[in-house]
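Given these sequences and hints, build the entire structure.
Number of protein chains: 2
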Amino acid sequence: MATKKNQHIYFFGNGKAQGNAKMKTLLGGKGANLAEMTSIKIPVPPGFTITTNTCAEYYELGKKLPKTLLKEIDANITKLEKSFGKKFGDKSDPLLVSIRSGAAASMPGMMDTVLNLGLTDASVEAFAKKTGNAKFAYDSYRRFIQMFGDVVMDVPHSEFEKALRDAKKKAKAVSDMDLSSKQLSDLIKTYKAIYKKHTKKNFPNDPKEQLLSSIKAVFSSWDNERANLYKRMNDLRGLNGTAVNVQAMVFGNMGETSGTGVCFTRNPSNGENKFYGEYLMNAQGEDVVAGIRTPNPISSLAKKDKKSYNELTAIRTKLEKHYKDMQDIEFTIQEGKLYILQTRNGKRTTQAAVKIAVDKVKEKLITEKQAVLEIDPNSLDQLLHPTFDPASEKAATILLKGLPASPGAASGRIAFTNAQAAKYKDGGDQVILVRNETSPEDLAGMDASRGILTAMGGMTSHAAVVARGMGKCCVCGASTGTDLRIDEKAGKLSVTANNGKKYTFKTGDYISLSVGKEGVVLDGKLKTQDPELKGSFNELMKMADKFRKMKVRTNADTPKDTKIAIKFGAEGIGLCRTEHMFFEGDRIIAVREMILAADEKGRRKALKKLLPIQRKDFYEMYLALNGMPCTIRLIDPPLHEFLPHDAKGQAVMAKAMKKKPSEIKELVDDLHESNPMLGHRGCRLAITYPEILEMQVRAIIEAAVDAKKKKKVKVLPEIMIPLVGHVKEFTILKAIALKTIGEVLKEKKVAKNYIDYKIGTMIEVPRAAITADEIAKEAEFFSFGTNDLTQMGCGFSRDDAGKFLTEYTNAGIYEYDPFQVIDEAGVGELVKIAVQKGRKVRKNIKLGICGEHGGEPKSVNFCHKVGLDYVSCSPFRVPIAKLAAAQASIR
Amino acid sequence: MATKKNQHIYFFGNGKAQGNAKMKTLLGGKGANLAEMTSIKIPVPPGFTITTNTCAEYYELGKKLPKTLLKEIDANITKLEKSFGKKFGDKSDPLLVSIRSGAAASMPGMMDTVLNLGLTDASVEAFAKKTGNAKFAYDSYRRFIQMFGDVVMDVPHSEFEKALRDAKKKAKAVSDMDLSSKQLSDLIKTYKAIYKKHTKKNFPNDPKEQLLSSIKAVFSSWDNERANLYKRMNDLRGLNGTAVNVQAMVFGNMGETSGTGVCFTRNPSNGENKFYGEYLMNAQGEDVVAGIRTPNPISSLAKKDKKSYNELTAIRTKLEKHYKDMQDIEFTIQEGKLYILQTRNGKRTTQAAVKIAVDKVKEKLITEKQAVLEIDPNSLDQLLHPTFDPASEKAATILLKGLPASPGAASGRIAFTNAQAAKYKDGGDQVILVRNETSPEDLAGMDASRGILTAMGGMTSHAAVVARGMGKCCVCGASTGTDLRIDEKAGKLSVTANNGKKYTFKTGDYISLSVGKEGVVLDGKLKTQDPELKGSFNELMKMADKFRKMKVRTNADTPKDTKIAIKFGAEGIGLCRTEHMFFEGDRIIAVREMILAADEKGRRKALKKLLPIQRKDFYEMYLALNGMPCTIRLIDPPLHEFLPHDAKGQAVMAKAMKKKPSEIKELVDDLHESNPMLGHRGCRLAITYPEILEMQVRAIIEAAVDAKKKKKVKVLPEIMIPLVGHVKEFTILKAIALKTIGEVLKEKKVAKNYIDYKIGTMIEVPRAAITADEIAKEAEFFSFGTNDLTQMGCGFSRDDAGKFLTEYTNAGIYEYDPFQVIDEAGVGELVKIAVQKGRKVRKNIKLGICGEHGGEPKSVNFCHKVGLDYVSCSPFRVPIAKLAAAQASIR
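First to last, the protein sequences are chains A and B. Reminder that position 611 of the first sequence reads as 611 in my numbering, one-by-one numbering, no gaps. Reminder that position 344 of the second sequence reads as 344 in my numbering, one-by-one numbering, no gaps.
It is possible that part of the hints are untrue.
Repeated chains share a single entry, so a pair holds when one copy, or any two copies, can fit it.
[What the hints assert, rightly or not] BS3-like mimics (lysine-lysine), calculated; alpha carbons at most 30 Å apart, straight line:
no.	residue 1	residue 2
1	LYS858	LYS837
2	LYS601	LYS660
3	LYS840	LYS865
4	LYS655	LYS803
5	LYS748	LYS709
6	LYS832	LYS843
7	LYS734	LYS605
8	LYS734	LYS231
9	LYS67	LYS86
10	LYS865	LYS832
11	LYS216	LYS22
12	LYS777	LYS837
13	LYS711	LYS746
14	LYS605	LYS665
15	LYS728	LYS803
16	LYS318	LYS306
17	LYS659	LYS803
18	LYS648	LYS665
19	LYS130	LYS303
20	LYS728	LYS63
21	LYS846	LYS832
22	LYS803	LYS658
23	LYS197	LYS208
24	LYS91	LYS16
25	LYS758	LYS728
26	LYS777	LYS865
27	LYS865	LYS837
28	LYS64	LYS739
29	LYS423	LYS659
None of these hints come from the bench; they were simulated from the model. Remember, it's a predicted structure, so these values are computed and weren't measured experimentally.
Structure representation (structure tokens):
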């Protein structure tokens, strides 16, 4: 089919389409795929797509439809009527259409939908006659009025619901289906009265008027609060707007030979290559998705309607081959005839995504490179989080089992409302959101929670889909087969547990969710354990390693963390914050004695107590690293941070140091700084108190010699001097370090080159970046401390910027929070300058990054571009960084 | 005379010298000038200079003299003996020498001197015989033993003094001169015993041994505490060491035809071209300088010894023409024969320096360029400080008049010791140091004081010379002709005032010094007034203006400051800190209401009260500026700084806002930040509260329109948005500013181009410097806020860095405190980057600096080099900046 310039509408139907799958930006995901499916002869009801550009135009015109659009709509309605063989507003066989939104990125349930459009007082009669089912026709009309009123005209939903309840009560009907044609006809009158009361207008009897209003409503929904929250949460940027899909209606609720369903070409929860989905006979699509009725597994359709089932499985294969990815398919069977209403790349858990990507390589659907690029590195986070300790889980009372909607494990306090969830989260508690069902209004509450439990809804319900996207653990449909009762208003949950006892929980009580193959709900708070990584995950990481150029190290401060990180694949330590070692156990007393000492003699006395402790830690870390490099940062924070600020802590120190508490308080107060981030810290401490540096260097080298001598392991200590701003700071401290090293090696009676050590610095002060050439003359490595570099480079205190940084990212001043994603144009430029200046002077200088950015994929990509040798991040983010590094390298 | 490579010693004598005046680095100032004077036939006693390199070698060898030096000493002693016709250690006519230090820069009194060297038990007899004055000979020997013991061997000075006192007591002698030869001879024995007690050695009877020990002592004194303090205080860096001058002794104390004096070729206090100086007959040079006896004015020498006086005035003319600068000359007359012992460029007050420079141009001794370069811009500070208000001064009781040793005016609390002076200064009080006389030990106390008063000593006494150098006001010799008594131990000063009444002051009481042509000491604390600049000063500034390329603006926040700055020659306002206007009078209440308001409405209400106040200030500043540009910075500091932190202030606000004090306290606490320097401030405030910016821009433009309309003055407001880090901050705020400006111009019914305004930004966040090209697309000017740029660029909090920055400059990490002198390699590099990037995008972008550095000469020089259009500094520093800018331009 031909297309024109400035064309607002793209038609699809009868095996031909103006659009195709590549036109997602213009037609939205749904529209592009409807066109594509039409072209490859998938049975799709005909229709047309109004472009996303039209949505942008609509906003530019101040929320008005462009004039030329109206003519195009007329032309396409005519085409549609011809294609589907029905006429809009026809009094014998009226064309009914659905109006659905569809942006370039999938935003399930976020924008508005109108069904059954085209029904009017006149056409409903024809529709009743044609379908031979008056009740169905009136019910459809009733639903349309309600939906149109609610979605398009903002008539309160609750008033329609109340009228429906009253009608059922009057008719003593249990379900909607029990209402007679007459009763439905009366209800329609009541609905129209409600409509008129609120809109001051009659319900429109012109399908064209219905259509135009609905299109506007969909365009407007692009900018509603829900949609905007979703866009922010999912980092969707630069989209034009939503497309509008107008498509001939087909009905899954025309009796027992009709039905509707949602299916995935593979298991979206664990990735298994097995057809997966749910359907309901005699239902509309919304019934499955909304989770009001619990649907049947797709496999059982083979018995109910073998022809449709076979056709569906053939389509499953065809679509997967065509799209080379797992598809999420919506279908409707109208009186035995199968229609596909939508296909899209299916959302999946990370576990599934990894397995599917690896499987597709094996099935030769995609290459290894494509598989590596297919996984969002951030999503791996889900796989890397702890599960419950099996012993505690075994010991806990199982309250019930529901659907394993999103995998993981979470303990937390019960919240029944978004507000409660947010409140607990802000108080530092973990939260489990408990609801009968969730809707897009619940996004904020889900975001605040660690896990979600719902009574209603299936594996494709709102709660399930969203939780998987968020990487949160979720159990759905938990009331099926149990006596679970959730009273959201009263703040109560009750259930008879597997052990036969009745349990009641109220707001704030602890429960736990454990979701693997089953969705288990447990009583109380449980201990967690670290995840094990195997199977597809390891295969993916091996593929990534083939392409990766940067090394990935970890930030670890203890022998324990070191071991975890190595399990996750860390290739050394990029940042060991020695002061973190100071907080364990009683060590802090000696640290405080050192800080509060009156003179160098007193400090040296306290440092003597710390030496064996630090040496032991380093020794164990070297053993764990077994030959991998270990960058050790000398003491960095302002001394004030180590001191007790409460009377109790000060009393303890007074006793330990045989001083008055008031004296301790005075010493503590003396060390207070107005801007500690820019104060007496980092290498400035060592300039003032070289004895601290001497102790730390001594511990590093003594441990290195011991490890090499006793355990024959290779040790590669890299001594890192923090917060250097001027090369002279570095040269002074390097000289002291070298002197100490010389002394230790002499004492230990080993050769001068016995230990292969390096001395380098962090680049975290802007001045250091600017004068990196001077510093590189002296330093053997640079590690970019991008946290501080961001603080000083942008002038944002991490502790205070929260107050305005959200405002800044919302206003688009910074695209991302610069503490989360490196600010390439500013802080990144400083890094670039330092890299160039550093390499110019010392060609083989080792360059890495050890700020939080080292585990953030966009920043890792930047590090690759700028030519760093390695990134370093927290143990749990090592695989993420590895994957991101591989992707950067492929790109 | 020929010189050799690696030569340690340079000889001068009999009209020939190996060195010359250009060799100051090698020979020190004194040595180079002795050589030069010898060459131009000035009567200089012969001698030789051991080079400063030898001093460096001495330290490199671990405080040992180089071996080859010893041979050179022998050779030069032989030469000297020949030249002067006396022999070292000779038993009939022994050669005596003086040993004096002399570095490349003048450091008066800082290092050690030994006189009369060569006297031994044997030679003293010969000396007595030869001079025919046994008393004189023994007294010389006594003095030599004392000086050698004290300076070379560290024998306590006090023990010799005690022995002398005891001897006088025993002999019932009033002065040293009253002791007989026998008594002196006995005293010599006692001195030798003291010497032996402390050194465990006999006093050396070998002149060679005396010489070598003395040379070592002079070299060692280069590194003593006094000398190091002087070097730091006078910013003397990169010196090799001191030279040692060994010179044949001549004696001013050989009776009434002998004498000694110090003179200046012009008046060092006011610059008048009149011979100036003091002398004492029958005295050694140290007697004049130390201020023990009050000397006679040089003019009276014409009567005492006309021949020497005429010879001296001829030498005065010769030396000035030769050196093209005012000379400070030391001379000795030995039995009617005049010798010149030293000449150097004379220290002078700034007032004198300016007059001398301008006069020398008139006398065609130097060019205008040379005159401009001759004045240290920092020294102008002295001329720019307030004097006493004449009415108050007239009303005050004159306690006494002394010598006008260093001009200026100062009130302060009396301190008799260094410790007291430091204590008052640290407490925020101004101090007058009151002493009988000062010595190099008193440097710290003088540094802490605003003025110095001494009972003893003349215009060339230690107190006078040092005070002039420091630019402090000083009255000397105040006991001459008065009954002034200073009891330093008891902390008391008493004097009968001009009114005949007796006054007594104790530590902490207030006195005032007013030094112009007279040195007046007044009772109590006096009001000051701004200095008036005229005469030579104006002539010098005019010369400077001929060469200067950069404009000099001022930092002024009030109409009053603006007027002062214009009087000092400011060419516009470079920084008006609008928030400073907020603290005056009751305004702060409205400011606090604005900050504490619950919402935008409340803020707007409070802002309405501030609008007319700000408008009025701007209006008056525009009038004062009369067409010169005015850069106005929008609100900058964290809001917390405006709030009351005490219960009383909070109670006031509670009443004003009809809230509970506890509520106010909570609001205040909420605004607290961990690192306010990196917090919610600068343009970040305007992003959050655009209504503040709107009010300020409105005030700026309304005042501009009013001033232009009503007073027909040209107005050039430059609206400056502070703390921009990202161009988007700027564009957002610029848009709001433009909208407000548009509204104001419309309301005022004037054309859109009625006011010639600019909108620009400060470059003070490192990120802004790095992305200056982006920002320059939008900003019409940059003003470098180098205070903040230093804070963030170097990572130094101004409020906290005091704790370690002194240590940093002492250790030479930063050459200067980077908050005082711009750190060229780091912060300066950021400025350079921003200048280049800014000009690349906007060729005619206006570039200036408004940090404290704008008034500091080294930094002004940097600003010139980097190509800024103007600097801006505090009103009192405008002339300094102008002179510095001219010098930069000439260089």
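How the hints compare with the structure:
In this assembly of identical chains, LYS858 and LYS837 lie within 30 Å of each other by CA distance both inside one copy and across copies; the values are 24 Å within and 27 Å between. In this assembly of identical chains, LYS601 and LYS660 lie within 30 Å of each other by CA distance solely inside one copy; the values are 20 Å within and 52 Å between copies. Proximity of LYS840 and LYS865 under a CA criterion of 30 Å is satisfied in both settings, with 17 Å inside one chain copy and 26 Å between copies. When the C-alpha separation of LYS655 and LYS803 is checked against a cutoff of 30 Å, the pair qualifies only between copies, where the shortest distance is 28 Å, while the shortest distance within a copy is 40 Å.
In this assembly of identical chains, the alpha carbons of LYS748 and LYS709 lie at most 30 Å apart only when taken from the same copy (10 Å versus 86 Å across copies). Taking the closest pair of Cα atoms, LYS832 and LYS843 come within 30 Å of each other both inside a single copy (15 Å) and across two copies (26 Å). For a Cα distance limit of 30 Å, the shortest separation of LYS734 from LYS605 inside one copy, 23 Å, qualifies, whereas the shortest one across copies, 59 Å, does not. Taking the shortest alpha-carbon separations for LYS734 and LYS231, only the inter-copy value of 28 Å comes in at or below 30 Å, while the best intra-copy value is 50 Å.
Only within a single protomer do LYS67 and LYS86 lie at most 30 Å apart by alpha-carbon distance; the minimum there is 26 Å, versus 119 Å between protomers. Taking identical chains as interchangeable, the C-alpha atoms of LYS865 and LYS832 lie at most 30 Å apart whether they share a chain (10 Å) or sit on different chains (26 Å). In this assembly of identical chains, LYS216 and LYS22 lie within 30 Å of each other by CA distance solely inside one copy; the values are 26 Å within and 90 Å between copies. Both within a single protomer and between protomers do LYS777 and LYS837 lie at most 30 Å apart by alpha-carbon distance, with minima of 10 Å and 27 Å respectively.
In this assembly of identical chains, the alpha carbons of LYS711 and LYS746 lie at most 30 Å apart only when taken from the same copy (20 Å versus 83 Å across copies). Taking identical chains as interchangeable, the C-alpha atoms of LYS605 and LYS665 lie at most 30 Å apart only when both belong to the same chain, with a minimum of 21 Å there against 44 Å between chains. In the homo-oligomer, the alpha carbons of LYS728 and LYS803 lie at most 30 Å apart only across protomers (18 Å), although the nearest pairing inside one protomer, at 37 Å, exceeds that limit. For the homomeric pair LYS318 and LYS306, the shortest alpha-carbon distance inside one copy (18 Å) is at most 30 Å, but the shortest distance between copies (125 Å) is not.
For a Cα distance limit of 30 Å, the shortest separation of LYS659 from LYS803 across copies, 24 Å, qualifies, whereas the shortest one inside one copy, 40 Å, does not. Proximity of LYS648 and LYS665 under a CA criterion of 30 Å is satisfied in both settings, with 11 Å inside one chain copy and 26 Å between copies. Taking identical chains as interchangeable, the C-alpha atoms of LYS130 and LYS303 lie at most 30 Å apart only when both belong to the same chain, with a minimum of 29 Å there against 142 Å between chains. Proximity of LYS728 and LYS63 under a CA criterion of 30 Å is satisfied inter-copy only: 27 Å between copies versus 63 Å inside one chain copy.
Taking CA atoms no more than 30 Å apart as the test, LYS846 paired with LYS832 passes in both settings, with 14 Å inside one copy and 28 Å between copies. Taking identical chains as interchangeable, the C-alpha atoms of LYS803 and LYS658 lie at most 30 Å apart only when they sit on different chains, with a minimum of 27 Å there against 43 Å within one chain. Within a single copy, LYS197 and LYS208 get their C-alpha atoms as close as 23 Å, which meets the 30 Å cut-off; across copies the closest is 122 Å, which misses it. When the C-alpha separation of LYS91 and LYS16 is checked against a cutoff of 30 Å, the pair qualifies only within one copy, where the shortest distance is 29 Å, while the shortest distance between copies is 131 Å.
In this homomeric assembly, LYS758 and LYS728 come within 30 Å of each other (Cα to Cα) only inside a single copy, at 18 Å, whereas the closest approach across copies is 42 Å. When the C-alpha separation of LYS777 and LYS865 is checked against a cutoff of 30 Å, the pair qualifies both within a copy, at 24 Å, and between copies, at 27 Å. In the homo-oligomer, the alpha carbons of LYS865 and LYS837 lie at most 30 Å apart both inside one protomer (16 Å) and across protomers (23 Å), since each shortest distance falls under that limit. When the C-alpha separation of LYS64 and LYS739 is checked against a cutoff of 30 Å, the pair qualifies only between copies, where the shortest distance is 26 Å, while the shortest distance within a copy is 77 Å.
Within a single copy, LYS423 and LYS659 get their C-alpha atoms only as close as 43 Å, which misses the 30 Å cut-off; across copies the closest is 27 Å, which meets it.
Going down the numbered hints, you'll see the structure goes against none, and every one checks out.
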